[in-house]
Structures are given as structure tokens and as C-alpha cells.
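One-letter residues, chain by chain:
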Amino acid sequence: MKNRYDVIVVGAGPAGSITAKTAASGGLDVLLIEKRQEIGDPVRCAEGVGKEDLKKHIEPDPRWIAAEVKGSKILSPDGTEIKMSEEASSGKAGYTLERKVFDRALAQQAAMAGAEVMVKTRATGLLRSNGKVTGINAMYMGETHEIKANIVIGADGVESKVGRWGGIDTSLKPVDIDTCAQFLVSNIDAGEYSMFYLGEKYTPGGYVWIFPKGKHTANVGLGLLGSKSGNVRAITLLENFLKNYMPHAKILEMVVGGVPVSGPIKQTVTDGLMLVGDAARQSDPLTGGGIINGMNAGKMAGEVCIKAKEIGDYSVKTLKEYEDKWRATIGIELSKSLKVKNLLVKLTDEQLNQLAHSLKGVDTSKMALPVLLLILFKKNPKILWELRTLFV
Amino acid sequence: MTVNVNRYKCGYCGACVGVCPVGALELVETWIEVNNTCTNCGVCAKICPVGALVVVK
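Chains as they are written, first to last, in the working numbering: chain A, 98 to 489; chain B, 693 to 749.
Bound conformation, chain B alone:
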């Protein structure tokens, strides 16, 4: 389970990291890393200011 980050859209603001309930995301300078604890909850995709995250179903 994971989310896809469109790195051509992402503004690397870290908002998604702040809302992830399980701490699966990390902002490293200009990119988002997703680890294997992602539960597909979709909160990150919901709050992204630019719509760069898509939950993989």
C-alpha cells in the first residue's frame, strides 16, 4: 500500500507529512519519501495544495 507522488507537481511543502496519521511520509529537501507503513488512508492526497499525491488502489 502506498501513495504516488507526482514530483513534477509537488511543491515540497511538507503538509502531507504533517497529516499522515502513521508517519509514513518524509520530506527530504525537494522530494517526498513514502515508507511501507502507509495505510492508503488518503488524508495526504486530500490536503495537498497542488494535488500531487494519488493513492494507489
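With the rest of the complex left out, here is chain A:
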């Protein structure tokens, strides 16, 4: 470890590693730190990801692909099935990842691009000079260090502190977080589709997912909206789901976590500081998916780091380009998803069934979510009236 870098990235998840890799590839001196002693572990993720989106960042590698899926199936509360997102050409639309291996592979890419990587190294605060962020305080093996940098990247996930230290309020209200639990289960037939079960009968304001990880193993999990939690725990609802619907499933692993579902927050950059991924609350409010958004944002942030170094300015004036870019792309999608989520959590199980029934006779199997929503809106304008602005 040196005492000065161009860029320090706090957090070696997908968003942080892509930022570090991008900046290092541009010739910048980059330090990527991870507070855990192992990158990628313990997992806090359902591990589902779209194939084409992922390929833009990394060549698929069997070492971190647990399973391929054909598409998705959404199940309404009465069991009506909506098949979607099947890939026409390859027949496989997505992957279930092995995040423990995937995250390490991404960190390795950052390292190979020239970034220095430090594990078991936790940021404990920010260095400042004239109001600008100029580095971090870090703890490694119980010893504190001051490390200077022109830019600090907060890629520190749902529990992000970097933004708060920099004066950006990233705290989530209960309505802005999904509280989740998941078991990796075995002794089941996992099928070839990512499954989503909707309904209050399973979980309030969220859904149950079953993502195949192999022929006989799957990630089975659920999320519920924090504002609907309190007396009921995600883990308890999940135990009930297994008992009632998958009585033969045997549990191999437990995963818990919180997923930001706030939609775009007001600010993600300040002088000498940028936030990416879950730390910037860039996970999708509807699906909870955050890997691709985090990687896309990381690439944008890394590119802006390179530009900032070229012109020698690390103030908001330069870094704002990152904020503008992600808002115009990821941000627009987050806002749309937030609208849909806000409506969905209000619908009764009966209304969800009505929506599913209205698709009878429609071949949805190749459709992506936006197209499916438009059809649902046309067929059920009364229930979905709130969403009309999405389609103009």
C-alpha cells in the first residue's frame, strides 16, 4: 500500500471492481479495498442476471455460471403462469451466477488491469481539505492508515457510509428497502426458468424467487418491503414458504440482506467523491436486481475518473458528468420501475390474478417486461391507470 493514489475504490463488489478496472485500464493509479477478508463471500444476492447485459462487461466463464435459464415465469397468487423473456436465438436468456467466484473474477480483472487490491481493509472515514474529499482513513489488521487520493469511489453497498461521510444522505427509509432472506436448497427439481411468485399470501410488498443453480439446487428467497415488515420477519416467511410449498427441499446455505428500492437518489457526487452501485441506490426498485446497473455505473464512473485526471480537475464540475450519464440511462429505468413497484405493492391478490388472467391467449414468452406491461395496461386500464405516464 502506498500513501497516495489517483483513485481509491471502497468495496470490491461488481460496481467497485468495474470502476477500478476501468480507471486502471486508463492508466490511473488505483487502490481497490474490500473490508472483508474474502471478496464475494458471504453472498447477499439471488444471483440472477441477464445474459446479454452481462456480456457487455465480461466474457461468460463456466467457473462462475452456476446455471443457465431459458427465461422467467411469473406466478400470480392463484398460480396462473406468465412466461417471459425467452431468448429467441440462443434459447437461454440468463444466468444464475456463483457470486463468490464471479466477484473474485471481477476483482482479478481490476488487479490485472493494474489496480492494487487490499482485502480486510475497511474505510473508517474520509480525509478532507478545503471541503474537498482527498482520501480515506482505512483500517487494515487493526492498524489505521491515511491514504490520499484525488477521487474516492463509494462502492460500499447497501450499508454505504462513504456517501454519508461526504455529506450525501443515502440513508434508506423502511419503504426504500426490501428486507430479504434466501436459502440455497437441494433435493428439488429446479427447472429451467427463473420463477417469481407474487402475492400477499407469500410475502407483503415483494415476491418469492426460485432461481435454478443446478438440476437439483436453487436459490429460494423472498423479499418484503421494509415498511410492511416489523412483526413479521423475512426469514420466518421463507421458512413458511418452504414448509408449505417445497417440503422436500433441504437447506445448504442461508443468505440474508437488504436491497435498496428507493429509485434514484438526489445526489451521488461531490468534490472528489462518486457513489456507484447499491451505495448509489442504483438497484432496480421492481426486481431488486443490482449487478448490471452497478457494473454499468462503475464503467461510467471509471471513465469519468480518467477524464478528470486528464484535465486535472476532481471537483463536482467534472464528476457531474458521471451523475448526468447514469441518470439519463439507469436513472430513467429506475424511475419507471419505482412507479410500477409503487402500484404493485398496493394491488390485492385478486387484482394480481385478474392481471394474469387478462393475458390468456397472448404469447408473452419472448416479451421483455416493458412490452408485457404495455399489454397489461391496455387490457386492464382501470387497475393500472397510475402507470399511464410510462406509455406516452
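These aren't lab readings, by the way, just hints derived from the structure by calculation. Note that the coordinates shown come from a computational prediction; the quantities given were computed from them, not determined experimentally.
Keeping only pairs whose Cα atoms sit at most 20 Å apart, straight-line, the calculated PhoX-like set for lysine-lysine is:
1. Lys270/A / Lys738/B
2. Lys406/A / Lys417/A
3. Lys153/A / Lys396/A
4. Lys347/A / Lys312/A
5. Lys325/A / Lys738/B
6. Lys738/B / Lys701/B
Where chain A lies over chain B, by a calculated footprint (3+ residues, C-beta under 8 Å):
7. 694-705
8. 730-740
Some chain B residues near chain A, calculated using beta-carbon distances under 8 Å:
9. Val711
10. Cys712
11. Pro713
Think of the CB as a built atom: it goes at the ideal place given N, C-alpha and C, for glycine as much as any other residue.
Following the hints, complete the assembly by docking chain B onto the known chain A.
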């Protein structure tokens, strides 16, 4: 004012850290630390996926 964390239950996911309005919590590898700025608001206890946090009254 503080919250008690049942470390035998805690899954060290950091969700509580993300919702704490005053930044009183910190996830250090496998445990949660609570500092003295905690206001007993109880948001962390409400959203914990496993119910590991209890507000000290």
C-alpha cells in the same frame, strides 16, 4: 440509548446500517457495532430480516 444486537442471530447483512438515519451502526466483517449517536428510533429493528436487533428501552 442503544440497540442490542443478538450476534447469535445476526446474519451480518448490513441492512440495518443502510436504514439507520443517524449513521450509528457499522458492519465490521461479521458483527454490527453501535455508537453513541443511536436515538432508539427502532428502524433497524423493524427491517432486520432475522430479527436480531432489539431497541433498549
